[in-house]
Structure formats: C-alpha cells, structure tokens
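*Asks:* Start from chain A and add chains B, C and D according to the hints.
Now for the letters of each chain:
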Amino acid sequence: MDFSFTTKEEEFRHELRTWLEENLPEGWLDGTSKVSKNEGEYAIFLRNWQRKLYEGGWAAIAWPEKYGGREATLMEEIVYQQEMVRVKAPALVNYVGIHMVAPTLMQIGTEEQKSKYIQKILTGEEVWCQGYSEPNAGSDLSAIQTSAVKDGDRWIINGQKVWTSFGHLADRCFLLARTNRFDKKHKGITVFLLDMNQPGVETRPIIQMDGQHDFNEVYLNDAIAYDAEIVGEVDEGWKVTIALLMHERTGIGGQVFTLEQQFNELVSLTKELKEDDQPLMANPLVRKEMIDLYTRTRGSLLNYYRNLTKTLKNGHPGAEGSMDKLMVSELTKELLSQSISLQGHQGVLWKEDAITANSYWQDNYLYSFGQTIGGGTSEIQKNTIGERILGLPKDMGR
Amino acid sequence: MDFSFTTKEEEFRHELRTWLEENLPEGWLDGTSKVSKNEGEYAIFLRNWQRKLYEGGWAAIAWPEKYGGREATLMEEIVYQQEMVRVKAPALVNYVGIHMVAPTLMQIGTEEQKSKYIQKILTGEEVWCQGYSEPNAGSDLSAIQTSAVKDGDRWIINGQKVWTSFGHLADRCFLLARTNRFDKKHKGITVFLLDMNQPGVETRPIIQMDGQHDFNEVYLNDAIAYDAEIVGEVDEGWKVTIALLMHERTGIGGQVFTLEQQFNELVSLTKELKEDDQPLMANPLVRKEMIDLYTRTRGSLLNYYRNLTKTLKNGHPGAEGSMDKLMVSELTKELLSQSISLQGHQGVLWKEDAITANSYWQDNYLYSFGQTIGGGTSEIQKNTIGERILGLPKDMGR
Amino acid sequence: MDFSLNQEQEMFRGYVRKYLDDAGQTKTAREFIKGETESLQSLLTGMAELGCTSINISENYGGMGLGPLDLIPVLEETGRSLLPGLYLETNALVVPLLEKFGTEEQKERYLSEISNGTKSFSLAWLEPGGSYNPSGINLVVKEENNHLILNGVKSLVPDAELADHYIVLGRTSTGNSKEGISLIIIDRTATNMSIQSQKNIDETRRLAELTFTNVEIPMNQILGPLHHGWETLQEGLLSFNAALSAVIVGSMEKVVEMAVEYAKIREQFGQPIGRFQAIKHRIVDMKMDLETARSLAYYANWALESNAEDRVQAISCARLFATDAFTRISSDNIQIHGGIGFTEEIDCHLFVKRARFYENYLGSTEHYYNQAATALGWSNKDEAIISV
Amino acid sequence: MDFSLNQEQEMFRGYVRKYLDDAGQTKTAREFIKGETESLQSLLTGMAELGCTSINISENYGGMGLGPLDLIPVLEETGRSLLPGLYLETNALVVPLLEKFGTEEQKERYLSEISNGTKSFSLAWLEPGGSYNPSGINLVVKEENNHLILNGVKSLVPDAELADHYIVLGRTSTGNSKEGISLIIIDRTATNMSIQSQKNIDETRRLAELTFTNVEIPMNQILGPLHHGWETLQEGLLSFNAALSAVIVGSMEKVVEMAVEYAKIREQFGQPIGRFQAIKHRIVDMKMDLETARSLAYYANWALESNAEDRVQAISCARLFATDAFTRISSDNIQIHGGIGFTEEIDCHLFVKRARFYENYLGSTEHYYNQAATALGWSNKDEAIISV
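Chains as they are written, first to last, in full-length UniProt numbering: chain A, 1 to 398; chain B, 1 to 398; chain C, 1 to 388; chain D, 1 to 388.
Extracted from the complex, chain A is given alone in its bound form:
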C-alpha cells in the first residue's frame, strides 16, 4: 500500500505548476481576473486558453509523441487533473477532440482521417463536439433516430441532437446516426465526423437552471457527410462508441478532486460564518454534519484511488467507474446543498450579491443537479453496478 507519488510524478507536477503560474490568464490565481460574460468574447477566451495549452505542450499530454503528446502515464494524467482543479483552470473547450475523438482516430481512423483531424485538434484550430443524445434517447442511447441516408459518396443526415456541450463553438461533431432502420437497437448505427459549419446544421442554446449555456440542441436538416468521414464500418458505430469511452481512462478524476476542493472550501466557510459571535463549526449539529461529509468525501477519493490501482494493474478501466460516478455526483449535490443551508437565509443571495466571491456556492449548487443526470443518470449507474458488478439479472425493459 502506497499513496505517494514518484519523484518523476512530482517533477511532472512541479513543471506543470510552474507553467500554470506563468501562463494562467492575468489575475487568475488571485481572483482578480475578469472573464467576459459576453458569449462571443467568452468563446474567444476559451479558445485562447486551449491554444496556450497547446503552445506549452499541455494540451494532450497522454497522446503519443508522434502526434505531439508527451506519452504521459496514467498517474501523470492524475497529477495533471489535480493541478488543473487546484487552480480552477478554465474549461477545456476541445475536451471531446482531445480525450475522445483523436485517441479513437489514432486507434481505428483511416490514415486520411488521422492526418486531416488530429493536428488541428491538438492546436485547437478545430473544436469538436459529441453528437450522441437525442430528445427520445437519453438514458437509452440505442434508441437514437437521427438518420443518415446514402446518396452516392454522400450521406444525407436528418434528426436532432441534444445536450451537445460546446456545440455552439464546435467545428466538427462526432455524430451517431442510424444508417439501417431494420436493425434494432445497437445495430445499424454509424459514426460520422460531421462538419458543423454547413447550412444543414443549426445549433440552438439550452439555457440551464443556473442561467448558463453549456449545452445545445443541434438540428440536422439534410446535413451532409461523406464516406471518408465515417469512423470504422457502416452500421458498426456502437463498437466505435464503446472504444471511444474507453479512452477516458482517468474516469471521473476531475470531479473527485473538485469535490475534495469544495469540501475544503466548505470547512473554511463553516469556520468563517458566525452566528451569535460563534463560528458555525462550534455548533455540534454542524460539526457532526461536517464529519459525515468529510468521511464520505474521503471515502469517495479513496474508492477512486482503489479503482485507479486496479486500472494501473489491469491496463484498462473497469465497470467500477460507475461506482465512482454515482458516489461523487450524489455527494457533490449533497455537499453543495449543505453549503446553501449553512449560509442561512443569506444563502439565497445570488450572483454579484452572494456572500462569497463569484456566487461560488450558489452556482455550483445549481450546476450540481446536472451531475447526477449527465453522463448516465444515477439510476443508470445503479443498473450498471447491479448488473455488471454484482451480476444481478437485467431489467426487463432491455
């Protein structure tokens, strides 16, 4: 049993930390940075950050050197996530391209696809999104109805996608469409590398309950893709989808480390807030609640490390990732809910009037409702755990 990082890993951390201190946006670390709320300006900000990461050699650390990566180990990826969470680094606008599309193309893409897309993903020149969910295919992804019909060397695509992160900024989409209506369910689905900048593609924003806009609906009206833009075989896209998910080998590391960070900030809040001149932490009811949260936050981090150990030993992640996802997302929601309660009636103050900087707790609280839904609802995770890990019989619906 060993919880330490190797000297090499710590050197890697030091290198990254030094780079971040020098390259994060002006005023980022001391909280004086002003990021524009104008959507267009924010998009430029995110693309600039992506570009900066690329220039520093930090955009795609796990990639092979020949594609411009540094062949980081899994543990170095972990360190990378810890450091990014620590400084609350800006969002990675090309996450889908770097962590999903490019590794999949490296594995099963054609030579043409590799040379055409991978470099531009790395530089951030082309931002990618994912075209999976549809209004009637959420938990049940195999129910997608978007159709692609062959027309010479072209495919005519019609349908609607939803929950497309950064779809409004994306240049290309890793899109699932049904190419065979007679095959049921998982069969007959094909993956296309769709050009988003064409008349047949329209994105509309989804405004979330926290007032933010991360997701989009994507309407496909006779959108065009070419044979050369198919990944793997026609009708065999389900396998590609699974392969793509396998590339997220750090699982929900980012969320685990964020939870740990939020817990630590909650401890500070509980010591700072006062009622009748006593810090809230002096209140036995609050203290008990905080010990419970501490215990489970530690538990979820340690569970994650235990699963990570398995991944390191087996070379690939197992179904245990579902357990991490379930526990961390539910606990995050609970912890953030508690953060609102602890502020008393002042907890309802929002945005610039919130009692802590940047409406940190209120915004994270509202956002947390999406975490137990996106990426597979908690109910779906429980089915997966019950069936794949415990071997219980499958639901009758499937």
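None of these hints come from the bench; they were simulated from the model.
Honestly, I wouldn't trust all of these hints.
[What the hints assert, rightly or not] With a straight-line Cα cutoff of 30 angstroms, these simulated DSS-like cross-link-like pairs (lysine-lysine) come out: (1) C:Lys-199 <-> A:Lys-351; (2) C:Lys-119 <-> C:Lys-18; (3) B:Lys-351 <-> D:Lys-34; (4) A:Lys-88 <-> A:Lys-34; (5) D:Lys-142 <-> B:Lys-274; (6) A:Lys-394 <-> B:Lys-394.
[Unchecked claim] Using C-beta positions, here's what the derived DEER-type ranges look like: (7) B:Glu-265 <-> C:Glu-309: 14 to 24 angstroms; (8) B:Gln-107 <-> C:Gly-46: 46 to 56 angstroms; (9) A:Asn-38 <-> C:Lys-199: 11 to 21 angstroms; (10) A:Gly-57 <-> D:Met-1: 17 to 27 angstroms; (11) D:Arg-328 <-> B:Arg-204: 27 to 37 angstroms; (12) D:Arg-328 <-> A:Pro-393: 16 to 26 angstroms; (13) A:Lys-88 <-> D:Lys-264: 43 to 53 angstroms; (14) C:Asn-307 <-> B:Gly-211: 41 to 51 angstroms; (15) C:Thr-103 <-> A:Glu-272: 40 to 50 angstroms; (16) D:Thr-118 <-> B:Gly-211: 29 to 39 angstroms; (17) C:Asn-307 <-> B:Arg-204: 57 to 67 angstroms; (18) B:Ala-357 <-> D:Met-1: 52 to 62 angstroms.
Model, not experiment: these values are computed from the prediction.
All C-beta atoms in this analysis are idealised placements derived from N, C-alpha and C, irrespective of residue type, glycine included.
*Replies:* Just chains B, C and D, lined up with the frame of chain A:
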C-alpha cells in the same frame, strides 16, 4: 375540522377503561404481572383473555347485535384500539376469526356456516388462523401452489403454508388452495374452512429473530375439507380474499397508536438516561433527532386520521391504507432502532438484563423488522401506492 | 373526528384554482422573472376581488372575519403557481399582528387597505450579517420631539419594491437582547430611505437592501408595545409559519403532479419510465412527503385557530417538515425529469429555488428546532420562548 | 500509487478463508450461541497454528513482527464468519498496548502466551451506568503493602468467561477526570472476583458483570504509567478501531453476498427479485457502503502503520462509517430476504445483532465524532485529545 370524540364515544371509552381496570390479568397495569413463558401455559393465558373479553362483551364490538356484537361505530373501534394499546393488552388470539373470518361469513357464508362457526369464534371456543402465504408465494399471493382435488364431496388438500400466526393454537384455518391448475394466477383459487385438528395437518413453529414464536409452517398432507366448508364459489376464492381484507376497516390503527405510545416512552427514556450527569435530552444532537421523530410520528397519526375521515365519509377504506402501513412500519423500525442507539453500549443488554423493564426496547426493535415485511412488504406497498393512488404504470412482472 | 377542510373551503379553493389556472399557472411568475409585473398586479387585483385578501380580516374593517383554516386554500394555490408577491407576508403575518396589537387608527387604515387588496406589507428584519437572532437587530431608533429617527441598514427585504409598507425591526433601547426591540410601520415612500435591489436565487421573489439615514417617523407608527417588538413578532410568526406550511403544501402537490405526469409519458427502453421502480418508488416517497406535510400543515392551522395547547410545537414542526420535504422532493423532481429537468425551460428548477428561499426564511431551521423543543418542555433554554 | 493489500496479505486471506469455510463459516458462532464452545476452541487453536495470533507480535516474543495492514485479512475473515471470542480485543487492542507500554516481564509473559494462541484478553471498562467517559470509572484501587486492592463492579465485560486475563480500568487516585485512572492486568482466576453473566442481544458474544471485593493484585500488574491509564488506553484504541473497521468490512462483504445470492434465486411475480429495481438498487447502495467502508478501513490501517498525520481522524471516521453502514446494510438485508430474513434460521439477524454490538462498543458514536472533530482542528474542547 374537528379532532374531538363525541360524548357517546367518550362514554364508550370510559366504559371500556373501567372494564379493563377490573378485568385485566392480575398485576397487568402496574407491571407486576408474570406471564408464563412456557408455550402451553401462554396459550391458555391467551385463550382465557379471549374468553374474558367475550364474557365482558368486548370480543367483537363491531359485529351486529344478532351475532353477539354491539354494532360499534368505526370511531368506537378506534377508541377500542386506543384503549387496548394504552394498557398494552394481551394479544388477541382469535383476531383472524373475529376481524376477518366471521364478518366474511356473515356477508357471503352459507346459513350452515354461519350457525356452525360464528358463535364459537365469538366465545373463543374455536380459534382461527389464516392459510395464505406459501414459501414461493409471499409478495405474490396469486402464485400459491397448495392444491385441493375433488373426491366425492371431499377435497384432498396438499401443500405447505407459512407465516401462519397462532397456527399452533388454531382449531380452524381460512385456507386458500388452488382448485384449477389450468387457470393462471388469481383464477382457480378456492377458500376452504379447514379443520386444523386432523391427521393431514401438521404445524411446525417458526422461530423469529427475536427468539419468539408467533408464526408457523403448516404442512398439508392429504388433509380433508368438505364441500360444505367452501366459502363462496369454487375457483372464485380471490374475490373472497379481497372481501375479507375489506373488513379490516380500522386499517393499521393499532400500529399507529402503538407508535405514538412508543414515541412517548422514548421521550421519557431520553429524559431519564444520563451522560455526564446531563439527561440525553439536553444533548442538541439527540434533541434534533427527537424533534424529527416527533414530527413524523405526529405526521403518521394525522395522516391516519385524515384517511379515517375519508373512510367515515365513503363508508369503506381506500387504497390510502397502504400509505399508513408503509409510513408507520418504516417509522416504527427507525424509532426503535434509535431507542437502542440512545442507550449506548448498554443497549445490547437483553431480556432480564436489559436496562428497562421487560427488555421493552430490545424486543420491540427486533420484532419491528417483521413489520415492514408482514402484511405486504414496503416494496409492495410502494407499488400499490404508485399504481393505485398515483396511476403509474404497472410493473412488468405482473 | 373530521380531519378535512370543509365544503366551503374546498369550494373556495376551486375558484382560486380556476382563476390561477386560467392565468397560466406559473406564467405570472415567469413574467415576473423577466421584469414584467403587470400580469402579477392584475392577478392580485383579481384575487382581491375573489376575496382572498379579506378572508382573515375582521368584519369591522371590511373583511370576512374568518380564520387560519379558511386561508389554507388560497395559500396552497399561491404555492401551486409560485405566485410572486407578498400575500403570505401581508395576510398571514401582518394582519394577525395588526388585529391583535394594532391601534384603532392603525387598524382602520391598514386593515381596510389590505382587505380591499390595494396595499401590501413586507418585513425588514435581517441586517447585513444575516442573523435572525435578537443580537442581529442593530438599526438604531431614537426618539426626538415625539418622532422616531431611524438609522441603519436592512437586508434581504422581500419584494421591497412591491410593498407599500414595511414592518421594520428596530432597536429602541441599547443592548443586543430581545428587550428593546420595537416594530415600526414605515411607508415605502418614506424620505431618506434608499432601496438597493439584491439578486435572489429564487427570481420569483425580489430582495432589497434598505438604507435608513435619519428617517423620521411619527411615534404612532409603532406596532404593539414599545421595546417589546420581539415578543409581538413571535405572535405573528406563529400565524406566518402555519400559513407558510400551507403554501409549501400547494407547491409540493404541484411538484408531485409534475413527476407523475412526466413518468407516465416519458419513455426509455421502450417503457414509460414510471414503470421502473427506481422512478415509481421515488415518486411514492415524494407523495408520502406531500401528504405528511399536508397533515402537519392542516393540523398546525387548526391548532392555531383553536388555540390548542400544542400549537407552538405543531406549527414549528409543520414548518420544519414542509421546508425540508419541499427541498427534497423538488430536487428529486429534477432527477425524475432527467436532462430536461435541468433546463431553465421547465418549471422544475423554479420549485427548487422557492424551496431554498423558504428554508431559512424568517427564522433558521435550527431556530425552529429549538422552538419546538422548548414548547415540548425538552429544553431549559429560553431562546425560543413564545409569549402567548 | 498502490491502494491494495499486497500479494502475501491476499494469499494469507486465502488460507484463513479456506480454514473458516471448511469449519462451516457461521456454524461455530451458532454452536457458541447454543452454549457449545468446543468447536470455537479448536477453531481458535487452528487459527493460532496458521499464525493469526502472532502476526503483529515482535519477533522477540515469538511473533512475526508485522503491522496493522497484515492483520486486515484475518480481521475481515473473522467478521465474515461472525467468529466469537476475543481475537480483535487481544491482538488489536492489548498487543499494541503491551508492545508499547508493557514492562519486559509483562511482555515476556503475555505476548508469548498470545503469540502461541494459548491466552486471550478482555477489557473491563464500563461500570453500571454504562458511560465510557472518565467520569464513569469508579472502581477503587488502593495501594497497600506494595499491592493493589480493587473494589467495585465492572459491567458488560466481553466474553469474560473466555478470557484468561482482563485489563481493568481502575481509579488509583480520587476525582472523576481522566487523571488518576490506571490500567491493571488481572487474571480471570483472581480470588475475590465474581463473574455474573449478562444477556447480550448479540449472542455470539457473551457479556458479564465482574464484582471486585478486596481483590489483591501485585503492583507490577499495572500496564503503562500509574494514574495515566486513560492516555495509555487511547493509544490502544486507535489500533482497536482501525482493526474493528476491518472486521466490519468482512461482515459487510458477507452481507452483500447474501443479498446478491438471494436476489438471484428468489422468484416472485415470475422474476428473480434482483430484477426489480427496488431490490437491485438497494443492493447497489449496500455495495457502495461496503466499498466505502473498505476504502476507509484500509486507509485507516495504513495511516496507523505509517504514523500518518491524519491517522486519528482517519481511524475515527473509518469506525464511524463502518459501524453506521453495517447496521444499515444488515437491516436492509433482512428486508431483501423478506419473511425468511426475519427468522432465526437464516443468518441475516446475526449480522444485525453484531452490528448493534459494535455500534457503541468501546466508545460511543458521539465520542468518535468529537474525536474526529478535535483531530481535524474543528473543536476547542479537549474531550477527545489523543496523547500521541
């Protein structure tokens, strides 16, 4: 809105209370009564109590006068339950006979059945049990396999029943058996009034996790019942079963009032037990827990009164009884679990060594595990509420 | 034994329900969020015409002279449609205070205004620091020439711009205990008072900070006994919390209906999701919470109306259960709706935000735990003593 | 990064698992309940032969000189089969105390006995009144002629009849604080000491009340510094609680296996009940509890072994989570089994009862909350200070 009892109801209460004070077993009210733990002697004790109730006119208060009842109103039945709970009266050994079998026979029994059974149920001369559940038919009662095969005017019955309360003391059994193998599920079931005192019937005790013996397995090996002992029509026993359940018009009143009583005793315990010379109730963590329990105990009592109001207005109980059952049984389990925790490590002391009289908390705690299972598990109650009250679609299994 | 609202009360509910349904239920709240208050104003006028604002006002002042139980249907329906505005505060907090403690002059003026629906009240209690305890009251009230001079800041004043009058908690003598606090009625238009709006997570309710700089008020604007405003207020809070519980029941009922409806129509894996026990049983848990909240709320209002011995614990616990359960089930409702529940477009989030608004509104959760414990005789502390 | 037991540890677990499986798992516990202790005795002898009793004893005294992490497999397996007896108390509480605080003479005698599996220890801490706090220690220890004279009563002494020796908490000077408490090693066969058995809800563990009437003990039977037994004990409790967490993980693992197995074979409504989400998801929740308890327990033992800075909070929280989760999932296991789970015949209830036994064993739940809070620097009180 009116929570009062009428003068007539209060007079009824006074009459019963006076009778109980005079007729409860020696030393019962002041806790000095010694009831034998010998099973045979305890059986005699219970039968004597049943006889005493009969002699006092308190055995079957809701029955019509012509059968020896006093045609009590629903509210008088409520008062009856409150008073019985208040004095922790001995168990009613012929509960099944009085509350289920006799009312059903009055409604749909033959004249011969009425004259043969009802009077003996009232006097306690014949004790009845219920032959419903089987090892493979618990939550799914329609899956019973006990078979009755016609042989002249007789039926030959084979199979096994389980969870038969007081089966070891019973003279007769209200038995469900399958008389038609070709009809599936609810069809093809017939109700028999089985004589328990015959060679083909063998009862074996089920020892519970609290060490007590309330339930039995009943083995039927070529047991005999006659045509005259069939209730309703052959193959139409499911309707009889439903009719029988409808006669429990006070629902889970007894359990609601018992919960209220247990809560009040828990308050006393929390004031009596001390840690470092302070009553536990002075501990803010305990006090908060107690307020939560108070709130939900009150809530379940008030829910019960609200449903009772509906029953009074509609003349018959509705599906809301499932809500009462679910809430009261789950809350009882939780409250009793809390009672063990509050006693600290001394909470594990059992039987004569328990720190409160008669191992009250320990025995009730262990017994409470049965309450969320017997009479329909909490899971079944939730299906019923979801489907019958909220109109959600039925489970696929059914 | 009859634990139900009577026929008249249920009939009145029907009128209000229909009226608010016709107005598009949460449509008014959504317009209010966008800054359009016209439809709210006309809705409130309509409700006043229905009689909602006069129910619990004495007949002397143009009211119907009815009690807390008669208020329940209106309160529930306002909760159901997440109605913005100050109906709850005005009719369930200020009216009982005026009825019991108001001078004849105050009653004549304010009760008549409320009864005919032309005026509403807000409450200026909290100050920067956010404590509802007596020690949190630092707004200085000095007596000069038979006038009161107010200096200080009030924070999180609900719907300050909608209100015509405020009840302000001020300190009329030195110290930081509950002694020396007085209730003062102030018009929104008082000079030397500035209003600065504050952003509320529940956008169907607005908040503001009020700054008092030598605001001068006549002595006769004090409500109830001088220096004893804290005890006076407790009386109003009993009524307020019983009413709040009913408002929440109305919201919870709507939340359960939303969940049930969606679970019936939304299909995944070829089944309506309500067929899956994970969904079905969760909705049942929500329904149980709703009915328990309802029983506790109705009883609390009955106890208030009947002046029952257990009214303080009944009201505290009804409030505690309702606020807690509302947060729980409105959150669950988002989960049941899945992705769509996370969007601004669907009402789910509005109920969560309202639940959070009520959680510690006019007293913290812990305060009400202590109040219940004291009322039950479980506590030696007098932190929550009610002077009735 | 390697958060797992090593190969040797897992291999050793395999031996112990096989040994206890061959002995019929809970069969020994069930015979013990009936009063038959022979199979337990022979099982314990066999476990000693496997080396279980010598793992964490120094090589000087016949042990293997290994640490807490090496003890985990044995502890888990004893929890899995609900093994009666004092392995946990002897090896995880008394051995670390003797190793750190024992005189050379004490070590020679007791560690050798424990190592070869011939002797076991129990702990006489509680007195009538049931408080684990220092104020609960009233057994009077007087010094006379270089001997100690003990008078008083100890209650809920675990497996008093099985133990060969007790560690008794006695008061060697006046007062009721933690100062003046000493730890004294006493043989079961000491004269003037009577043993009266007490009925335990967990019948796999026996309890007894010990009455001391002028029991005379040589001075050299004091363990650790005179008057400072409380602080000494805390050191042993860290080790005990880390180990207890591992025992509970073993029990929880078995509980989850029982639930999964039953849900696969039990059919209702024509389906294995594990197909219903009400059952499936509940078992998943149990599994989540199990794995979290395991992570916390393993880490706690690692922190103990590595003398990590956060060891006190790690151990307190591992214990708190494990005891709480064990009660929860063992209760859920009965519900999943339905009626059969309520019978004496099926093991479900044995796990519930063991869970209740551990809940407040050697320190209340609240004590460990306070201990964790103090260790985390969240508390000003010194009620839980650990003197290491």
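*Asks:* Identify every previously stated hint that the structure contradicts and give their numbers, smallest first.
*Replies:* none
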